[in-house]
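Student: Each chain, written out:
2 protein chains.
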Amino acid sequence: MLSYEAMVRTIARYVEAFDRDDPGMAAALYAENATVEDPLGAPLIRGREAIREFYKMAMQAGVRLKLEGAVRGAGDSAAFPFVVVFNDAGQKRIEVIDTFRFNEAGEILEMRAFWGPANMHGFKSPA
Amino acid sequence: MLSYEAMVRTIARYVEAFDRDDPGMAAALYAENATVEDPLGAPLIRGREAIREFYKMAMQAGVRLKLEGAVRGAGDSAAFPFVVVFNDAGQKRIEVIDTFRFNEAGEILEMRAFWGPANMHGFKSPA
Numbered sequence: 001m002l003s004y005e006a007m008v009r010t011i012a013r014y015v016e017a018f019d020r021d022d023p024g025m026a027a028a029l030y031a032e033n034a035t036v037e038d039p040l041g042a043p044l045i046r047g048r049e050a051i052r053e054f055y056k057m058a059m060q061a062g063v064r065l066k067l068e069g070a071v072r073g074a075g076d077s078a079a080f081p082f083v084v085v086f087n088d089a090g091q092k093r094i095e096v097i098d099t100f101r102f103n104e105a106g107e108i109l110e111m112r113a114f115w116g117p118a119n120m121h122g123f124k125s126p127a
Numbered sequence: 001m002l003s004y005e006a007m008v009r010t011i012a013r014y015v016e017a018f019d020r021d022d023p024g025m026a027a028a029l030y031a032e033n034a035t036v037e038d039p040l041g042a043p044l045i046r047g048r049e050a051i052r053e054f055y056k057m058a059m060q061a062g063v064r065l066k067l068e069g070a071v072r073g074a075g076d077s078a079a080f081p082f083v084v085v086f087n088d089a090g091q092k093r094i095e096v097i098d099t100f101r102f103n104e105a106g107e108i109l110e111m112r113a114f115w116g117p118a119n120m121h122g123f124k125s126p127a
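As you go down the protein sequences, you meet chains H and U in turn.
Every letter in the first sequence is one number past the one before it in this note's numbering, and letter 2, counting from 1, is 2.
Every letter in the second sequence is one number past the one before it in this note's numbering, and letter 100, counting from 1, is 100.
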């Protein structure tokens, strides 16, 4: 069973990948056949290469992740609360909880992101 | 689709059920055929009556839930960070993230609790 400490290290590297604007670093944390559902209900993104493209798009806005509390580790999974902060000198931010399920090699097999319109703050409303 | 505000209200009533030590109030938030997995990897608890028994046991310790950040709402689901505080004049607490999936009637269909040994603080270690 993957240790809590190993899950926390992977989540720290995930945050660091955003600090470095490095989609390849984020994608490398995933298993080859991993899936990403971000946010819940969106079409599944499948496979490390598609996941790299997803992070390339996401990182174009220069966002940073700020952890908001302890990583919760349960069995082969972890959940953690954070805020996505946009690098636009403004107040744009999105409150998110991600859940990661890991394989025995410590790679992320499944990522699910919980956030929605009510968690988006400082965005202009559509005209 | 269930509104974010309706999910937040249900989570507030969930916290209130612990404040009142009322397992029936907690169980009434669930659908008749709901499942609870607490923590992740534990055997599923199925059905509202078994869920009431589960909360009856859980509430015998006089625990209270303290929310630690915004409820994240995504589609038919929500996730929220909180701390379970034990009513023992001590420092015992457990950091948890719960995810709730709702049906169209606004009842909880599926609850999953993310926490593990690394999230338990102030407990005596086994001798």
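These are calculated hints, taken from the structure and not from any lab test.
On a predicted model such as this, the values are computed, not experimentally measured, just so you know.
A hint or two may mislead.
Dumping the calculated DSS-like pairs for lysine-lysine here, alpha-carbon to alpha-carbon at most 30 Å [what the hints assert, rightly or not]:
hint	chain 1	residue 1	chain 2	residue 2
1	H	66	H	56
2	U	56	U	66
3	U	56	U	92
4	H	56	H	124
5	H	92	U	92
6	H	66	U	66
7	U	92	H	66
8	H	124	H	66
9	H	124	H	92
Pairwise CB distance ranges, derived in the manner of DEER restraints [what the hints assert, rightly or not]:
hint	chain 1	residue 1	chain 2	residue 2	range
10	U	123	H	66	39 to 49 Å
11	U	124	H	75	20 to 30 Å
12	H	58	U	49	42 to 52 Å
13	H	62	U	47	11 to 21 Å
All C-beta atoms in this analysis are idealised placements derived from N, C-alpha and C, irrespective of residue type, glycine included.
Student: Does each hint hold? Answer for all of them.
Tutor: Consistency of the hints with the structure:
{"no.": "1", "hint": "H/66 / H/56", "verdict": "19 Å, holds"}
{"no.": "2", "hint": "U/56 / U/66", "verdict": "19 Å, holds"}
{"no.": "3", "hint": "U/56 / U/92", "verdict": "19 Å, holds"}
{"no.": "4", "hint": "H/56 / H/124", "verdict": "24 Å, holds"}
{"no.": "5", "hint": "H/92 / U/92", "verdict": "36 Å, violated"}
{"no.": "6", "hint": "H/66 / U/66", "verdict": "21 Å, holds"}
{"no.": "7", "hint": "U/92 / H/66", "verdict": "27 Å, holds"}
{"no.": "8", "hint": "H/124 / H/66", "verdict": "22 Å, holds"}
{"no.": "9", "hint": "H/124 / H/92", "verdict": "9 Å, holds"}
{"no.": "10", "hint": "U/123 / H/66: 39 to 49 Å", "verdict": "29 Å, violated"}
{"no.": "11", "hint": "U/124 / H/75: 20 to 30 Å", "verdict": "24 Å, holds"}
{"no.": "12", "hint": "H/58 / U/49: 42 to 52 Å", "verdict": "44 Å, holds"}
{"no.": "13", "hint": "H/62 / U/47: 11 to 21 Å", "verdict": "48 Å, violated"}
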